[in-house]
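Could you put together the complete structure from these sequences and hints?
Those sequence lines, one after another, are chains Z and H.
Okay, so the first sequence: first residue is 1 according to the numbering used here, each after it adds one.
Okay, so the second sequence: first residue is 1 according to the numbering used here, each after it adds one.
Since the hints were made in silico from the structure, they are not lab data.
Any given hint might turn out to be false.
[Unchecked claim] Below 25 angstroms or equal to it, Euclidean Cα-Cα: the simulated DMTMM-like pairs (lysine to aspartate or glutamate) are:
#1 K136(H) with E35(Z)
#2 K98(H) with E21(H)
#3 K143(Z) with E121(H)
#4 K139(Z) with E71(H)
#5 K125(Z) with D118(H)
#6 K43(H) with E71(H)
#7 K9(H) with D64(H)
#8 K198(Z) with D116(H)
#9 K182(Z) with E114(Z)
#10 K143(Z) with D118(H)
#11 K125(Z) with D116(H)
#12 K143(Z) with E199(Z)
#13 K7(Z) with D84(H)
#14 K7(Z) with D67(Z)
#15 K184(Z) with D84(H)
#16 K9(H) with D84(H)
#17 K125(Z) with E47(H)
#18 K198(Z) with E238(Z)
#19 K7(Z) with E177(Z)
#20 K136(H) with E238(Z)
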Amino acid sequence: MNTEAIKELVYKMADDLLILGHRNSEWTGFGPLLEEDIAFSSMAQDKVGQSWQMYKILHELGDSEPDTVAFMRNANQFHNAQFVELPNGEYDFSLIRHFLFDSAALLRYQMLTESSYTPLANLTKKIKGEAKYHSMHAKIWMKQLGSATEESIQRLQNALDEAMPYALGLFEPSPYEAHLIKDKIFAGEEALQILWQKEVESIIEETQLILPDWNSLIPALGGRNGQHTEHLQPLLDEMSEVFKVDPSADW
Amino acid sequence: MSNQLSATKIKSWLEVVKDPEIPVLSLNDLGVITSVHIDTNNKVTVEMTPTFAGCPAMDVMRSDVEDVLKEHGIEEFEVRISFDVQWNSNMISEKGRKALKSFGLAPPPQHDLIVDIDIIEHAQCPHCGSENTDMKTPFGPTLCRSMHYCNNCLNAFEQFKPI
Ligand SMILES: [Zn+2]
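Below, the structure is given as structure tokens:
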């Protein structure tokens, strides 16, 4: 078993969930509808909870306690894709990100249920049920707003064009792809991306949105290596403020 | 300890531990106690599995289980939370489903582990029993509940989410 390869995989999944979970929670009190407000708060709680379970796996592999890992690292030690750290922007961008991210997350978990690394297989068997709700929620709204008024279609189209290069950063290959595939830990980012593109195409086809040409896009890479936009560090500072004042604060 | 200590007996003690969010539902009926094991030194190991990864009630449930073991004089025990067995809503017992209903919460529809939109939207009103209902949102006030409306008795109600 290649522990370094597993850690790299689990860290990036956990960090994506922790950061996007916190972005989701920023909608609390500001959603366009009370219903959406509750949905984003609820998904935030799911995502942060899921990230915690992944940090627990890392703890069992010898890393620090989940609290410490979540709140005591600096931006350059985070492995999330840049996509999840971008500010929420308008609801259009948040919805597009929700759709693109959660489709990828659900497919990733489905693949990992087959993992030879049992703790990860067991956890993803559980959280794929939760992720299904997130993905389904995004698809319902995409189909509704993506075929509603001219204005809503145009706004979603702009958000889609802006988001897509960042979304591709989710599939930035790790240095361990070959190990992960050979050891049947994970079938790899490339395989995941192929499934994801098909899924995205099938939903966008049911709307009046237009997908950019995949080959024309330049993925926003670097996040998996700790290279981030200027938006991550302020978010981390905010998250860890309470923790640094009182590390024993009850979460 | 008496030599009559058995897993069945310990499970029956745990009947008093309820889900803090749904106080009529015991952990046994919720299905989150996945195994009780007694080793040759009478050390008791209770395995639990979360309903949702982010369920904030899990730590309370664990310490309630520990308290019950202590009250019954168990000196050596461990309560483990793991995903070795993954919880799904079919694991709620028949007694648990009745308890949910009497609490005013629709029990989760049974499913074959593939939860799709049809299953999620289908809910039977716990007040009048009608199936003429609409789902308002799959995300309710707690992680495990969705919100619905009954077109027959015109009441809003919540359902324990199928998952
Ligand atoms: Zn009714």
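Indices of hints not satisfied (ascending): Those not satisfied are hints 4, 18 and 20.
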